[in-house]
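Student: Sequence:
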Amino acid sequence: YSVNPVNLLCTEDQMRYIIEHSEAHAFIVSQEWQARARALLKDRPAMALLVMDPHQLAMPIIEKAGKGLVRGPHPKELALLMYTSGTTG
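This note's numbering puts the sequence shown at residues 3 to 91.
In short, the hints are calculated from the structure, not lab data.
Heads up, simulated SDA-like pairs for lysine to any residue below, C-alpha to C-alpha not over 25 Å straight-line:
(1) 78 - 23
(2) 44 - 31
(3) 44 - 33
(4) 44 - 14
(5) 44 - 32
(6) 44 - 24
(7) 44 - 30
(8) 44 - 10
(9) 44 - 84
(10) 44 - 15
All chains should be modelled from the sequences, with the hints used to inform the complete structure.
Tutor: Next up, the structure:
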């Protein structure tokens, strides 16, 4: 698996593009972003939405979400996928 941090200030179209293009399987948000995340994922029922307290560690929550969601990394897999606005140089 790889991590894809998303700027929550992106437009809905930008967010949908990132979700589709990255082939994401889970979306992890804090409570304050839950409604927006649900709206973004309404057409993606198979995608896991995990709402967590930012002060908790994510891994125990992810592990509770389902056995097939978490697996060990493979050496040839991406570790981090970043999308930018193109102004980062």
